[in-house]
Structure formats: C-alpha cells, structure tokens
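Q: Full structure from sequences and hints, please.
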Amino acid sequence: MYANNQCCVRHGGQQSDWFEVKSGVRQGCIISPLLFVIAIHWVMKRATNQQPRGIKWKAFNHLEDEDFADDIALLFHSQKDMQEKTSCVKTTARSVGLKISLSKSKVMKINTKSNCDILLGGKCHSF
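Residue numbers are given in my numbering: position 39 of the sequence shown equals residue 39, and the series is strictly consecutive.
Source of the hints: derived by calculation from the structure; they are not laboratory data.
All residues carry an ideal CB built from backbone N, CA and C; glycine is no exception.
Watch out, some of these pointers could steer you wrong.
As the list claims (entries may be wrong) - Across the chosen pairs, the derived CB separations fall in these ranges:
1) Gly-13 / Leu-98: 33 to 41 Å
2) Val-107 / Ile-31: 28 to 36 Å
3) Phe-68 / Asp-117: 21 to 29 Å
A: Here it is as structure tokens:
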C-alpha cells in the first residue's frame, strides 16, 4: 500500500538507521478505520458462527453482540455462555493481531444474583 515506506527512531538526541516498514498503516490514514471495521467484522463473524446462544430477540432470532466502532457488547443469559464467547472473541481477535484491552473491559450483570465473574487474561472482570 505504501511503496518504499521507511522510518527511523529518535531517542535521546540520537537517530537510528532508516528501516523499511512492511506492514500496518500510517496513523491518520483515511483507510485505517475501514480496515479495522473489516477486521473486527471478520472476528465477530468467526467468533459467533456457532449455534446461536445470545438473548432471544424475536421468535427465531438471537442477538449475541452489539458493536459500535471499537466497542463490543456480548449478550448472554448464562455465565458459561458469556465465558465461552469472551474467550472465543479474544482468541479470534489475537489471530489477526488485535488485543482486547483488559483495563477497559467490564461485565454488567442484569437481573441475576450470580457472583460468577468472567475471566479474561487470567483476571476476573465484573461491574
């Protein structure tokens, strides 16, 4: 996409040798958001292509996730289903170089007395 894209690093008044950048997009490039949307769409389709287990939406439809830009809400009735889907999304995202921000991830429980949390990266997440 960028022919002969080269960079160098400046640190402490010193400059490294120039090197070729062979992957990624430039920050601020107008194609960056489009590429991200394509990647996250693929991740979510791949992670949710099993049997529908989300919340019942209409007679025969289930809703597993709501996405907006880089925010994703997973919707499930059971802690087990939520844990499985969260782990699947994390693994699938990692396969294309995307990382879930643990510090920005939260779990919201509605109409439940369950004390179960969701494990992500070995840490419990709850709200």
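Q: Each hint: holds or not?
A: Right, here's what the structure says about each hint:
1. Separation of Gly-13 from Leu-98 is about 35 Å and conforms to the stated range, judged on CB atoms against 33 to 41 Å.
2. In this structure, Val-107 and Ile-31 meet the distance hint of 28 to 36 Å, their C-beta atoms being roughly 34 Å apart.
3. Between Phe-68 and Asp-117 the beta carbons are some 24 Å apart, a value that agrees with the proposed interval 21 to 29 Å.
Comparing the model with each numbered hint stated earlier shows that all of them hold.
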